[in-house]
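As you go down the protein sequences, you meet chains Y and L in turn. Residue 140, in this note's numbering, is where the first sequence stops; the numbers in between run on with no holes. Residue 307, in this note's numbering, is where the second sequence stops; the numbers in between run on with no holes.
By construction, these hints were calculated from the structure, which means they are not laboratory data. The beta carbon of each residue, even a glycine, is placed where N, CA and C say it ideally should be. Where hints are given, some of them may not hold.
What the hints assert, rightly or not - Subject to a maximum C-alpha distance of 20 Å in a straight line, what follows is the list of computed DMTMM-like cross-link-like pairs (lysine to aspartate or glutamate): (1) L:K272 <-> Y:D93; (2) L:K295 <-> L:E184; (3) L:K272 <-> Y:E65; (4) Y:K55 <-> L:D176; (5) Y:K55 <-> Y:E41; (6) Y:K55 <-> L:E174; (7) L:K272 <-> Y:E6; (8) L:K272 <-> Y:D125; (9) L:K246 <-> L:D256.
As the list claims (entries may be wrong) - Label pairs and their calculated CB-CB ranges: (10) Y:D125 <-> L:I294: 29 to 35 Å; (11) L:F252 <-> Y:E114: 28 to 34 Å; (12) L:E248 <-> Y:P119: 24 to 30 Å; (13) Y:P119 <-> L:S226: 20 to 26 Å; (14) L:K173 <-> Y:E6: 36 to 42 Å; (15) L:H262 <-> Y:L81: 18 to 24 Å; (16) Y:V57 <-> L:P261: 48 to 54 Å; (17) Y:P61 <-> L:P261: 39 to 45 Å; (18) L:K238 <-> Y:F58: 28 to 34 Å; (19) Y:A76 <-> L:D284: 31 to 37 Å.
Said to hold, decoys possible - Some chain Y residues judged to face chain L by a derived CB distance under 8 Å, without partners named: (20) H35; (21) H50; (22) V64.
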Amino acid sequence: MPNTPEERVIEKIRNLLIADATVINYTQQRVYASHISSIKEPKYPAVSIHLLFSKNVFSNPEYVEMTLQIDSWFPATKYDLADVMTLHRKIRDNIHRMNLTDTTIGVKVAQSIEILSGPLMHEEDTDLFHYPTQYQIVAT
Amino acid sequence: MALKSVVKGVDLVAKNIIRYGDGFIRTVNKTMKEVDFVLDKKLEQNISLTDHSLGDLRRLGHPYAARHGSQGLNIHSPGYQVHKQSGKLLSSKVHGTKNAEITGGKLEASAFAGLDESRAPHALYVVFGTSKMIPRPVLQGTRDEVVPQAIDIIKSNLKNFTFSFKP
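This is chain Y alone, in the form it adopts within the complex (with noise of 0.2 Å):
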């Protein structure tokens, strides 16, 4: 069970897009809540969500204000930048503010935005597509 803020909007985020059927389409449910570096034998296409910052904002210590890098990783041989977009718009839609608050898991979320989408980056020693996208949330 989660204990903090990041915790649950990560868990949030997750249970949202292994429900959507175009994440599904693509990744098999693959939507890790942790960087993709830290899964054992990852299978592509992927999605990975890292923490990046957090801090307490409003004076209030139950509100924490995180940045979150939620990449998408796709084999370049058999897909290409359509692809990466269709699904970088997804999981755009699906990290709504509407979306993210949850009672039943104690989310409470009072701003979520996107800050950075892309660039579009290729590995060559893997040859995987990565596409970051950070988003800011305040959260409770």
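For chain Y, the structure is supplied; the task is to place chain L on it using the hints.
Just chain L now, kept in the frame of chain Y:
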């Protein structure tokens, strides 16, 4: 519900702003150069760690690699700092200011610092990570570190600035 008020002497107000506002804009630009200096220095510090060589990092088991978990090994704080090896990343550092301009009734000026990936293509992989290495958001982290000092610089430069208008 709205209140209306009538401004008299609009022409004189506009003339005074043009005549005396130049001094304010000069002060804003000078202030942003001071912020630029602080931002640039902090970024240089954050991408110039020399406490571990490549050999040391190998002996530590490559601290930013998969097996150490999603936050890497905690060998320095803040974790987004980058070690200097060849010096290519450091030499790709760019910085500067954008002079104040008034657009749509809003005054904007800025100071920036960054890494030029045309000079160091690996900068993107350092900042955003790879499938084998965690991201190290050194630019955002540096900016956040400098914000309190930047606000102090801006406040102290502008708080005593007053206009003396001729009637």
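Evaluated hints:
Taking the CA atoms of L:K272 and Y:D93, the gap is about 28 Å. The hint is violated against a cut of 20 Å. Our distance criterion of 20 Å between C-alpha atoms is broken by L:K295 and L:E184, whose separation comes to about 25 Å. The hinted pair formed by L:K272 and Y:E65 fails the criterion: a straight-line CA distance of about 27 Å is larger than 20 Å. At roughly 25 Å between alpha-carbon atoms, Y:K55 and L:D176 are farther apart than 20 Å, so this suggested pair is violated.
With a C-alpha separation of about 32 Å, the suggested pairing of Y:K55 with Y:E41 is violated against the 20 Å cut-off. At roughly 27 Å between alpha-carbon atoms, Y:K55 and L:E174 are farther apart than 20 Å, so this suggested pair is violated. Taking the CA atoms of L:K272 and Y:E6, the gap is about 23 Å. The hint is violated against a cut of 20 Å. Proposed proximity of L:K272 and Y:D125 is supported: the alpha carbons are some 11 Å apart, at most 20 Å.
Between L:K246 and L:D256, the direct Cα distance comes to roughly 30 Å. Violation of the 20 Å bound is thereby established for this hinted pair. In this structure the supplied range 29 to 35 Å is violated for Y:D125 paired with L:I294, their Cβ-Cβ distance being about 45 Å. Distance hint for L:F252 and Y:E114: a CB-CB separation of about 21 Å, inconsistent with the stated range 28 to 34 Å. Range check, L:E248 to Y:P119: Cβ separation about 25 Å, and the 24 to 30 Å hint holds.
Separated by about 23 Å at the C-beta atoms, Y:P119 and L:S226 satisfy the suggested range of 20 to 26 Å. As the Cβ distance of L:K173 to Y:E6 is approximately 37 Å, the hint placing it in 36 to 42 Å holds. A hinted range of 18 to 24 Å for the beta carbons of L:H262 and Y:L81 is consistent with their spacing of about 22 Å. The hint said 48 to 54 Å for the Cβ distance between Y:V57 and L:P261, and at roughly 36 Å that hint is violated.
Evaluation of the 39 to 45 Å hint for Y:P61 and L:P261 yields a pass: the beta carbon distance comes to about 42 Å. Judged by the Cβ atoms, the range 28 to 34 Å given for L:K238 and Y:F58 holds: they are separated by roughly 30 Å. Separated by about 34 Å at the C-beta atoms, Y:A76 and L:D284 satisfy the suggested range of 31 to 37 Å. Given hint, Y:H35 at the interface with chain L, holds; its Cβ is 4 Å from that chain's nearest Cβ, closer than 8 Å.
The beta carbon of Y:H50 is positioned within 8 Å of a beta carbon in chain L (closest approach about 6 Å), and the interface hint is therefore held. A least Cβ separation of about 15 Å between Y:V64 and chain L goes past the 8 Å threshold, and the interface hint is therefore violated.
When the structure is compared with the earlier hints, violations turn up for hints 1, 2, 3, 4, 5, 6, 7, 9, 10, 11, 16 and 22 and for no others.
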